[in-house]
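Enquirer: Let the hints inform the model, and build the full structure from the sequences given.
Residue numbering for the sequence shown follows UniProt numbering, beginning at 1 and increasing consecutively.
Derived from the structure by calculation, the hints contain no laboratory data. Note that the structure is a prediction, hence the values are computed from the model and not measured. Glycine included, C-beta positions come from ideal geometry on N, C-alpha and C. Mixed in with the good hints, there may be bad ones.
Claimed, not checked - Quick list of the computed label-pair ranges, beta carbon to beta carbon:
id, residue 1, residue 2, range
1, Thr-205, Glu-303, 14 to 22 Å
2, Asp-262, His-206, 39 to 47 Å
3, Gln-80, Ser-2, 40 to 48 Å
4, Gln-218, Arg-281, 16 to 24 Å
5, Glu-34, Ser-10, 34 to 42 Å
6, Arg-13, Glu-34, 28 to 36 Å
7, Thr-317, Glu-210, 33 to 41 Å
8, Ile-297, Phe-238, 17 to 25 Å
9, Glu-61, Glu-11, 33 to 41 Å
10, Arg-8, Glu-34, 20 to 28 Å
As the list claims (entries may be wrong) - Here are the simulated DMTMM-like cross-link-like pairs (lysine to aspartate or glutamate), alpha carbons at most 20 Å apart as the crow flies:
id, residue 1, residue 2
11, Lys-50, Glu-88
12, Lys-289, Glu-279
13, Lys-28, Glu-51
14, Lys-203, Glu-243
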Amino acid sequence: MSTTQRNRASEERKKERTREFSRVMYRKIQTELEMLDPRARKGQEYDTIKELRSKIGDIDEVYTNVDRTNEAVLDMETLQLTSKLTAETARNLELGSSAAFNIHDFISGVRKYLVSASDDGRIRSSDPDSQDVSLTAGIKILGIENTKWCARPPSGSFMIGPMDVEYHLRKQRQYTKRERQVTGPASKVGTIEMSDVKKDNNKMTHLIHEIYELLVQQDATQDSPLGLIEFSFNPLSFSQTVENLFYISFLVRDGKAGIMLDEEDVPSIYYIKLPDDPEERQKVLNEVKTLPTNQMIFDLDMETYEGLLEEFDLQGTTPVIRHREPIASAAAPTSGQWYG
Numbered sequence: 001m002s003t004t005q006r007n008r009a010s011e012e013r014k015k016e017r018t019r020e021f022s023r024v025m026y027r028k029i030q031t032e033l034e035m036l037d038p039r040a041r042k043g044q045e046y047d048t049i050k051e052l053r054s055k056i057g058d059i060d061e062v063y064t065n066v067d068r069t070n071e072a073v074l075d076m077e078t079l080q081l082t083s084k085l086t087a088e089t090a091r092n093l094e095l096g097s098s099a100a101f102n103i104h105d106f107i108s109g110v111r112k113y114l115v116s117a118s119d120d121g122r123i124r125s126s127d128p129d130s131q132d133v134s135l136t137a138g139i140k141i142l143g144i145e146n147t148k149w150c151a152r153p154p155s156g157s158f159m160i161g162p163m164d165v166e167y168h169l170r171k172q173r174q175y176t177k178r179e180r181q182v183t184g185p186a187s188k189v190g191t192i193e194m195s196d197v198k199k200d201n202n203k204m205t206h207l208i209h210e211i212y213e214l215l216v217q218q219d220a221t222q223d224s225p226l227g228l229i230e231f232s233f234n235p236l237s238f239s240q241t242v243e244n245l246f247y248i249s250f251l252v253r254d255g256k257a258g259i260m261l262d263e264e265d266v267p268s269i270y271y272i273k274l275p276d277d278p279e280e281r282q283k284v285l286n287e288v289k290t291l292p293t294n295q296m297i298f299d300l301d302m303e304t305y306e307g308l309l310e311e312f313d314l315q316g317t318t319p320v321i322r323h324r325e326p327i328a329s330a331a332a333p334t335s336g337q338w339y340g
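Expert: Shown next, in the form of structure tokens:
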């Protein structure tokens, strides 16, 4: 074996002995810490804190030789146990209730310190017989010594906001009193009776029959029909023109009239002659209803109405279907207010 190999083997043996020593020391420290555990839980030994502090120093010293994971794990476990015992000791330590820390002994020690500080020549009392004066003078020295360990910047947690505080006053909402609008005398809406409905139905039936009679008088047959626009349009009233077309639709539906388009695709109207005999008349009506029919929809607005009147030169003429004067309803209200 060469010298280099022997040196390497010697170093490995030395490192192994160091590692073994580190493991032994860690286990020894852990055993001693476990012995301190009961005292830490009771909080009756003030020297426990000093012993824990010394154990931390021992752990740091052993850690200087740690170079492997196994020893590092032992170091971590030992530090964790030390931290746990320190927390338990601090939590269970109570001033005045522990034999290791007696508040009266502490005050007595402070008193002796104040007397010795005043007698040490740093502060001399003008009245050597007055011990209170010496104690008062020594408190200043104690405060100076305490400042070294407790001095810290003042906390700002007591501040609640800026020095210049602007208070916002709550605005009072102004409510305006509602004023009732002055209206005219109220009128009651008249009720509609069944007789009124029957009267209106009879009136519509009469107008439909009147229009049919006009077609017969004008001899508006299928061979010589009348222009639908000239026959139904009322130059004096747009609304009555719409009503006339509405009434004509009933004649077409019942088979009493027909609508056709001439050569220029202009609608024309003619009547269908019915027999005088009621049975024959009903037979003809039934036959007419079986014939194929085409639906026709009229779309009429004011602009179209005026344009057709001008196109067919109906302005100022007398309507074929008589003009009906509007009848004021007796139930119409006389004011804008309704009640029932």
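Enquirer: For each hint, tell me whether it holds in the structure or not.
Expert: We went through each hint and held it up to the structure:
no. : hint                          : in the structure
1   : Thr-205 - Glu-303: 14 to 22 Å : violated (32 Å)
2   : Asp-262 - His-206: 39 to 47 Å : violated (30 Å)
3   : Gln-80 - Ser-2: 40 to 48 Å    : holds (45 Å)
4   : Gln-218 - Arg-281: 16 to 24 Å : holds (21 Å)
5   : Glu-34 - Ser-10: 34 to 42 Å   : holds (37 Å)
6   : Arg-13 - Glu-34: 28 to 36 Å   : holds (32 Å)
7   : Thr-317 - Glu-210: 33 to 41 Å : violated (19 Å)
8   : Ile-297 - Phe-238: 17 to 25 Å : holds (18 Å)
9   : Glu-61 - Glu-11: 33 to 41 Å   : violated (22 Å)
10  : Arg-8 - Glu-34: 20 to 28 Å    : violated (39 Å)
11  : Lys-50 - Glu-88               : holds (14 Å)
12  : Lys-289 - Glu-279             : holds (16 Å)
13  : Lys-28 - Glu-51               : holds (14 Å)
14  : Lys-203 - Glu-243             : holds (13 Å)
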